[in-house]
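Trainee: Take a look at the letters that make up each chain.
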Amino acid sequence: MNAEVETGRPAATRTYRRPMSAGWWTTKRHYFWYMVREFTALPLALWLLWLLYEIQRAGRGASGYYPPSSTPFVVFSAICLLFALYHSFTFLSLAGVILHFKVLDKPVPSRLIVLSQFGGWLVASVVIGAVLIGFGR
Amino acid sequence: MAEKRITIRATRYDPEKDKAPRLQSYDIPFTDDAMVVLDALNYIKAHVDGSLSYRWSCRMGICGSCGMTVNGTPKLTCAAFLRDYWPRSVTVMPLSNFPIVRDLVVDMEDFMHKLKSIKPWIIRKQELPLGAGEHRQTMDQIDEFRQFSQCINCMLCYAACPVYGLDDKFLGPAAIALARRYNLDSRDQGVKERLPMIADPEGIWECSFVGECSVVCPKGVDPAKAIQQTKLDTTMRFVLPYGNRE
Amino acid sequence: MSETAARKPALAHLIWWFMFAQGGVLAALLIPVHILVQGILGPLGIVKVVDRHYDTWISILGNPIVKLYLLVLISLPFFHFAHRLRYLLVDLGFPAAKSFPAQVVFYGAAIVVTLLAIYVLLTTAPLALG
Numbered sequence: 042m043n044a045e046v047e048t049g050r051p052a053a054t055r056t057y058r059r060p061m062s063a064g065w066w067t068t069k070r071h072y073f074w075y076m077v078r079e080f081t082a083l084p085l086a087l088w089l090l091w092l093l094y095e096i097q098r099a100g101r102g103a104s105g106y107y108p109p110s111s112t113p114f115v116v117f118s119a120i121c122l123l124f125a126l127y128h129s130f131t132f133l134s135l136a137g138v139i140l141h142f143k144v145l146d147k148p149v150p151s152r153l154i155v156l157s158q159f160g161g162w163l164v165a166s167v168v169i170g171a172v173l174i175g176f177g178r
Numbered sequence: 004m005a006e007k008r009i010t011i012r013a014t015r016y017d018p019e020k021d022k023a024p025r026l027q028s029y030d031i032p033f034t035d036d037a038m039v040v041l042d043a044l045n046y047i048k049a050h051v052d053g054s055l056s057y058r059w060s061c062r063m064g065i066c067g068s069c070g071m072t073v074n075g076t077p078k079l080t081c082a083a084f085l086r087d088y089w090p091r092s093v094t095v096m097p098l099s100n101f102p103i104v105r106d107l108v109v110d111m112e113d114f115m116h117k118l119k120s121i122k123p124w125i126i127r128k129q130e131l132p133l134g135a136g137e138h139r140q141t142m143d144q145i146d147e148f149r150q151f152s153q154c155i156n157c158m159l160c161y162a163a164c165p166v167y168g169l170d171d172k173f174l175g176p177a178a179i180a181l182a183r184r185y186n187l188d189s190r191d192q193g194v195k196e197r198l199p200m201i202a203d204p205e206g207i208w209e210c211s212f213v214g215e216c217s218v219v220c221p222k223g224v225d226p227a228k229a230i231q232q233t234k235l236d237t238t239m240r241f242v243l244p245y246g247n248r249e
Numbered sequence: 003m004s005e006t007a008a009r010k011p012a013l014a015h016l017i018w019w020f021m022f023a024q025g026g027v028l029a030a031l032l033i034p035v036h037i038l039v040q041g042i043l044g045p046l047g048i049v050k051v052v053d054r055h056y057d058t059w060i061s062i063l064g065n066p067i068v069k070l071y072l073l074v075l076i077s078l079p080f081f082h083f084a085h086r087l088r089y090l091l092v093d094l095g096f097p098a099a100k101s102f103p104a105q106v107v108f109y110g111a112a113i114v115v116t117l118l119a120i121y122v123l124l125t126t127a128p129l130a131l132g
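Protein chains in written order, with the numbering used here: chain A, 42 to 178; chain B, 4 to 249; chain C, 3 to 132.
Just to be clear, a hint being listed does not mean it is correct.
[Stated by the list, open to error] One-sided excerpt, in silico: chain A residues whose CB lies under 7 Å from chain C:
no., residue
1, ALA63
2, ALA82
3, PRO108
4, SER129
5, PHE176
These are calculated hints, taken from the structure and not from any lab test. Quick reminder that beta carbons are idealized off the backbone N, C-alpha and C, glycines included.
Please construct the entire structure, taking both the sequences and the accompanying hints into account.
Mentor: Set out below in structure tokens:
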């Protein structure tokens with residue numbers, strides 16, 4: 042890598058800059074899982090685009106309508122679900138780090154905040170699941 | 004019984020002679036189970052190779068001078084025990100993401116500059132007159148910022164941060180945590196003055212919460228938490244019309 | 003080492019981060035159950051899902067509250083995805099992803115998805131009030 046001349050120092054002194062390797066995230070477990078966490082955005086985006094397509098499909102009328110059922114689709118969903126769960130777990134856990142507030146002058150412990158996030162997730166899932174299944178036949 | 008030995012591989016770089024850094028191996032006695040990497044470096048310098056250059060001072064984890072990359076992880080060499088690595092060799096390299104001056108010594112200029120840039124002092128809109136006495140603080144008020152005041156400026160967090168590694172214009176974990184330390188201090192009234200540095204594109208927004216900074220911090224400062232809380236507070240300040248007391 | 007250029011708070015970054023945060027919360031809370039039920043349990047026939055038959059699907063899609071919910075579910079997380087994928091590119095060694103044109107492309111794409119979702123939700127099923 043090119044050496045660089047530091048301003049203000051005698052010409053003989055050159056600091057050496059080490060380039061960062063493109064594969065930096067493969068060198069540590071924590072870095073790798075961080076990249077996985079960031080990557081979850083892609084499968085989730087694709088699945089939501091599929092959902093939009095499903096909604097649009099209903100607009101084509103009753104004849105020829107078929108429910109989603111193909112095996113490749115189920116496999117795709119299963120993979121997306123893994124990424125979605127990883128996103129939810131990491132995002133809601135980290136919310137406990139970020140959110141800080143006081144109740145009656147006492148700071149709320151972060152564990153409680155995280156627990157409430159996961160509680161909210163459970164409630165939302167149950168409600169939405171109930172609607173999706175309850176209105177089906 | 005044969006004397007226990009350990010191999011230390013250290014980066015050598017002489018800017019006047021070398022084109023690039025290289026690793027040099029030293030085989031030294033590992034006599035005391037309490038030996039740390041810094042002890043090994045001091046032994047090498049005293050008995051084997053006096054030309055080895057590195058920074059150290061207190062040797063007890065409070066001055067922040069002896070940070071280096073030990074087997075790929077940023078560590079205080081006074082806190083890295085040889086027994087945790089033996090019988091494997093220990094590779095000691097300069098702290099990542101900083102230019103190398105010589106051997107294990109890195110250029111700290113950027114770090115020092117960034118610390119100063121966030122105005123790490125009590126800023127008052129109006130100074131209290133001397134007769135009014137000192138600023139009084141309760142223990143609860145100190146607890147608000149205590150954690151973020153524990154930083155010993157060891158730069159391990161900058162070495163661990165891939166965002167800083169990819170772009171050294173990033174303000175960085177220690178600087179932002181320090182800014183938060185002052186913003187949360189009840190004596191301080193300088194949140195607005197620090198805002199341009201903090202909320203600059205190369206300030207808090209560049210952080211993508213990798214979190215490695217908090218993992219390597221030897222003092223439990225949790226700079227990642229400081230940065231994320233600053234993002235939230237800065238946003239709430241903007242969103243809420245009457246401002247948010249941070 | 004670098005000279006400090008004029009530093010000022012970046013409003014755009016604040017907004018993107020805020021959208022990222024709320025989009026992330028919504029994605030975390032809402033998406034998994036949809037994938038589980040509509041993507042796995044329903045297609046495998048384990049449960050009867052609302053999109054199994056045309057009439058139930060079109061009927062629920064006509065409900066304005068459902069339309070609003072689906073808009074929120076589909077479009078807001080895309081601001082989260084746009085932000086994350088933009089920074090993923092930065093992490094992979096493409097600093098150009100920080101540039102203004104890149105912001106236009108990524109957040110513009112999220113806006114496009116939002117508009118698309120509005121269009122699909124308004125035109126697919128007739129708005130059934132009451």
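Trainee: Mind listing which of the numbered hints don't hold for this structure, in increasing order?
Mentor: Violated hints: none; all satisfied.
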